[in-house]
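One letter stands for each residue in the lines below.
2 protein chains.
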Amino acid sequence: MVDMKEPMESHIYAPLLRASVSQWRQQGKKGVWIKLPIQLANLVEPTVKEGFRYHHAESDYLMLVHWIPDSPDALPANASHIVGIGAFVMNNKREVLLVKEKHGYFEGKDVWKFPTGVVNQGEDICTAAVREVKEETGIDTEFMEILAFRQTHKQFLGKSDLFFVCMLRPLSFDITKQDSEIKAAQWIPIDEYVNQTYNREHKSFEYIARICSTKSQGSYGGFSAVRPSSGKQNYLYFNGQDFKP
Amino acid sequence: MVDMKEPMESHIYAPLLRASVSQWRQQGKKGVWIKLPIQLANLVEPTVKEGFRYHHAESDYLMLVHWIPDSPDALPANASHIVGIGAFVMNNKREVLLVKEKHGYFEGKDVWKFPTGVVNQGEDICTAAVREVKEETGIDTEFMEILAFRQTHKQFLGKSDLFFVCMLRPLSFDITKQDSEIKAAQWIPIDEYVNQTYNREHKSFEYIARICSTKSQGSYGGFSAVRPSSGKQNYLYFNGQDFKP
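Protein chains in written order, with UniProt numbering: chain A, 1 to 245; chain B, 1 to 245.
In isolation and in its complexed conformation, chain A is listed as follows (with noise of 0.2 Å):
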């Protein structure tokens, strides 16, 4: 793994690329990883000359990697998939914290809806529900069970799409929106919100109502989560009801 930090002119840099792979592979090493910078996008095209391809980006660099052997390559996926949270937050009246967003898909469209948002790379699913409410409305939280999550499938980019949705209980109950995104948030009666126009044209938001409706009366087994390793960031999600570690 070469994290390359150093500018570098890339008719200095082939050169060397080109003797460390000679040696690496001397050495009988298998994959080699080259994290460039974005500053350093100078050395992109001389890094795909000497055979290496693309892994995966972020905003602030390029990862290439090189699989030396003739065995077949053993090097790990990419990510595939975007990870978003809905909020299902009721209070003891039978009220759903509610938001109408500014922008975005329901942009104009008159839909009360969770809370929602996407988990950050290396953040727990329980964790950004609880951060997501936070930002938008000013609740606190903490987190219950996943009631159920949604796969789709992206034309745009080619990338897939896991949508959990989360019962959380609230720790505090008047509301500050954010002005940013957000356009209006609310406590609504659980009723009135299951039976809004939107979610009675579009079926997965009525399953995904009609199954919170379900929970609010204590007769459905989610996936709580547990961490079965003390101390290790991991966490297990199954239906605790039915199985006691």
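Hints listed in this document are in silico derivations from the structure and should not be mistaken for laboratory results.
Possibly wrong hints are sitting among the right ones.
[As the list claims (entries may be wrong)] Straight-line Cα separation of at most 25 Å, DSS-like style, residue types lysine-lysine; simulated pairs:
#1 177(A) / 109(A)
#2 100(B) / 113(B)
#3 159(B) / 5(A)
#4 102(A) / 30(B)
#5 100(A) / 30(B)
#6 5(A) / 93(B)
#7 183(A) / 30(B)
#8 134(B) / 35(A)
#9 113(B) / 244(A)
#10 30(A) / 244(B)
#11 100(B) / 203(B)
#12 102(B) / 30(A)
#13 183(A) / 93(A)
#14 102(A) / 177(A)
#15 35(B) / 154(A)
#16 100(B) / 35(B)
#17 49(A) / 5(B)
#18 113(A) / 100(B)
#19 35(A) / 49(B)
#20 29(A) / 5(A)
#21 159(B) / 159(A)
#22 183(B) / 30(A)
#23 30(A) / 154(B)
#24 154(B) / 159(A)
#25 93(B) / 30(A)
#26 100(B) / 35(A)
#27 244(B) / 203(A)
#28 109(A) / 30(B)
#29 159(A) / 102(B)
#30 93(B) / 177(B)
#31 30(A) / 5(A)
#32 154(A) / 5(B)
#33 29(B) / 154(A)
#34 30(A) / 109(B)
#35 159(B) / 154(A)
#36 29(B) / 102(A)
#37 29(A) / 109(B)
#38 30(B) / 154(A)
Go by the hints and put chain B onto chain A.
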């Protein structure tokens, strides 16, 4: 979205790109995407010099983006998660379909494990599970339920990982193992599997094995897969014992 295909020299490309960005700005365009196949690696540097950043990369292309207006960048997130499956397949003699792997983490360890594999971009979790079992063992199966899933965060490359434990029903019983990856494949009594030393020493393996054992006795509600809208590639997973659409 500019999908570059034909080779071009960078001194011709750079002024063309600059003129285009200026035109797009006048037209009120917001996000601009440029897809550069790896053969056009010479155009990465001039694209970055025009203010583009990396969005993501696959083996054979790099996607760059530029958000033109002064408003906050509303470009979609890059994929952050690798998704994998493990397949729990039991016949009616209470024997589980297990494999020993030749390479990777379990190489040299004497561990019987579920057939596992990576869910491809654009592939449904339930389809991936059936495909992996077929590839590794030759057994035909039908997807039943997701019993649990685990989220972990990888040090290496910074990506996160979602691993879904899928219960499948076998439709055939004669094993034909794949030679390149699989050292052994066999039907093994479930209790022998649950009690193997490795599981007792690794809590998340132990939990998963015991959840499967609980399920084998019929008293565990996992998540089944339903397509809310016929036609659309879009699965919703939820507790089908507790909620009937």
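Hint check:
Annotation: proposed proximity of residue 177(A) to residue 109(A) holds, straight-line Cα distance about 19 Å (limit 25 Å). Of the pairs offered as hints, the one joining residue 100(B) and residue 113(B) holds, with about 6 Å between alpha carbons and a cut-off of 25 Å not exceeded. Between the alpha carbons of residue 159(B) and residue 5(A) the distance comes to roughly 21 Å, so the proposed pair stays at or under 25 Å and holds. For the suggested pair residue 102(A) and residue 30(B), the alpha carbons sit about 17 Å apart, so the restraint of at most 25 Å is met.
A C-alpha spacing of about 23 Å is found between residue 100(A) and residue 30(B), which places the hinted pair at or below 25 Å, so the restraint holds. A C-alpha spacing of about 59 Å is found between residue 5(A) and residue 93(B), which places the hinted pair above 25 Å, so the restraint is violated. Between residue 183(A) and residue 30(B), the direct Cα distance comes to roughly 22 Å. Compliance with the 25 Å bound is thereby established for this hinted pair. A distance of roughly 36 Å separates the Cα atoms of residue 134(B) and residue 35(A); the hinted pair therefore is violated under the 25 Å criterion.
Taken as a hint, the residue 113(B) and residue 244(A) pair is honoured in the structure, with Cα atoms around 23 Å apart against an allowance of 25 Å. The straight-line distance between the Cα atoms of residue 30(A) and residue 244(B) is roughly 51 Å, outside the 25 Å bound, and the hint therefore fails. Between residue 100(B) and residue 203(B) the alpha-carbon distance is near 20 Å, which keeps this suggested pair within the 25 Å criterion. Of the pairs offered as hints, the one joining residue 102(B) and residue 30(A) holds, with about 17 Å between alpha carbons and a cut-off of 25 Å not exceeded.
The straight-line distance between the Cα atoms of residue 183(A) and residue 93(A) is roughly 24 Å, inside the 25 Å bound, and the hint therefore holds. For the proposed pair residue 102(A) and residue 177(A), the alpha carbon gap of about 12 Å is at most 25 Å, so the pair holds. As the CA atoms of residue 35(B) and residue 154(A) are separated by approximately 17 Å, the hinted pair is consistent with the 25 Å bound. A C-alpha spacing of about 41 Å is found between residue 100(B) and residue 35(B), which places the hinted pair above 25 Å, so the restraint is violated.
Note on residue 49(A) and residue 5(B): the hinted pairing holds, with a Cα-Cα distance of about 18 Å set against a maximum of 25 Å. For a cut-off of 25 Å, the pair hint linking residue 113(A) to residue 100(B) is broken: about 46 Å separates their Cα positions. Distance restraint check for residue 35(A) and residue 49(B): the Cα-Cα separation of roughly 19 Å lies within the 25 Å cut-off, and the hinted pair is therefore satisfied. Distance hint between residue 29(A) and residue 5(A) is fulfilled; the C-alpha atoms sit about 22 Å from each other, no more than 25 Å.
As the CA atoms of residue 159(B) and residue 159(A) are separated by approximately 15 Å, the hinted pair is consistent with the 25 Å bound. Taking the CA atoms of residue 183(B) and residue 30(A), the gap is about 22 Å. The hint holds against a cut of 25 Å. Note on residue 30(A) and residue 154(B): the hinted pairing holds, with a Cα-Cα distance of about 20 Å set against a maximum of 25 Å. For a cut-off of 25 Å, the pair hint linking residue 154(B) to residue 159(A) stands: about 20 Å separates their Cα positions.
The suggested pairing of residue 93(B) with residue 30(A) is violated, with an alpha-carbon distance near 43 Å, which exceeds 25 Å. Annotation: proposed proximity of residue 100(B) to residue 35(A) is violated, straight-line Cα distance about 34 Å (limit 25 Å). Taken as a hint, the residue 244(B) and residue 203(A) pair is honoured in the structure, with Cα atoms around 14 Å apart against an allowance of 25 Å. Restraint check for residue 109(A) and residue 30(B): satisfied, since their Cα atoms lie roughly 21 Å apart, inside the 25 Å limit.
Taking the CA atoms of residue 159(A) and residue 102(B), the gap is near 30 Å; set against the 25 Å cutoff, the hint is violated. For the proposed pair residue 93(B) and residue 177(B), the alpha carbon gap of about 20 Å is at most 25 Å, so the pair holds. Restraint check: the Cα-Cα separation between residue 30(A) and residue 5(A) comes to about 23 Å, which is no more than 25 Å; the hinted pair holds. For the suggested pair residue 154(A) and residue 5(B), the alpha carbons sit about 22 Å apart, so the restraint of at most 25 Å is met.
Of the pairs offered as hints, the one joining residue 29(B) and residue 154(A) holds, with about 22 Å between alpha carbons and a cut-off of 25 Å not exceeded. For the given pair, residue 30(A) sits about 21 Å from residue 109(B) by alpha-carbon distance, which is consistent with the 25 Å threshold. Our distance criterion of 25 Å between C-alpha atoms is met by residue 159(B) and residue 154(A), whose separation comes to about 20 Å. Annotation: proposed proximity of residue 29(B) to residue 102(A) holds, straight-line Cα distance about 19 Å (limit 25 Å).
Taking the CA atoms of residue 29(A) and residue 109(B), the gap is near 23 Å; set against the 25 Å cutoff, the hint holds. Between residue 30(B) and residue 154(A) the CA atoms are separated by roughly 20 Å; this keeps the pair inside 25 Å, and the hint holds.
Comparing the model with each numbered hint stated earlier shows that hints 6, 8, 10, 16, 18, 25, 26 and 29 do not hold.
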